[in-house]
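From first to last, the protein sequence lines are chains Z and X.
The numbers in this note's numbering rise by one with no breaks, and the one at position 18 of the first sequence is 18.
So the number in this note's numbering is just where the residue sits in the second sequence, counting from 1, plus 1000.
Hints were generated in silico from the structure; no laboratory data involved.
Virtual Cβ for every residue (Gly too), placed ideally from N, Cα, C.
A couple of the hints might just be wrong.
Stated by the list, open to error - To give a feel for the contact side, a few chain X residues facing chain Z, derived at Cβ under 7 Å:
{"#": "1", "residue": "1003"}
{"#": "2", "residue": "1008"}
{"#": "3", "residue": "1102"}
{"#": "4", "residue": "1105"}
The chain contents come next:
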Amino acid sequence: AQSVTQLGSHVSVSEGALVLLRCNYSSSVPPYLFWYVQYPNQGLQLLLKYTSAATLVKGINGFEAEFKKSETSFHLTKPSAHMSDAAEYFCAVTEGFGNEKLTFGTGTRLTIIP
Amino acid sequence: DTGVSQDPRHKITKRGQNVTFRCDPISEHNRLYWYRQTLGQGPEFLTYFQNEAQLEKSRLLSDRFSAERPKGSFSTLEIQRTEQGDSAMYLCASSRRSEGDTQYFGPGTRLTVL
């Protein structure tokens, strides 16, 4: 069984500061990993995904994430936070190989301080 | 690409009533997924279809829940005899049939059971 742990349900950073959102996964097989963003009263939008190609994945809006198998981590970063980054962020994993359902973490709410 | 659409966006019902939600996937996507998201949690998988075949159902999907995708295009999710615990956001997503492919989410239907 696979699971996802997001450390920190709430993260606050100052505008212009580094954003770091943590995600650790457990999976019995090499996973596919995703970060989604959710704005209030909206569905989820894909930020980026890892599918066993390059371990450093670049996404939209300046976000990137690094897959570290030894640490079973897939942390999301952005060098300089913008006010528009305030949202809920979800890490998710799917095992692939015909098992495509996403297993999500509980989410991290990102607040940007002006 | 018009995206995944869901109807209605909001539904308020009284306990014991039946409700039905509709999801229209992206046109060339043959996989369709339903998830449920409660307040403060990440989405949880309910069921998914490949074309018209329902391939997997979560234990979360009690006997009161039924999902269909009759012609492999749109899907409906029906909840019979609603309970207050059914109050949640119901999210639909679609993807192409390929491993690790991105699931694109609709805006969701927010159900409130009084």
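Going down the list of hints, with the structure as the test:
no.	hint	result
1	1003	violated, 9 Å
2	1008	violated, 13 Å
3	1102	holds, 5 Å
4	1105	holds, 4 Å
Comparing the model with each earlier hint shows violations of hints 1 and 2; every other hint is respected.
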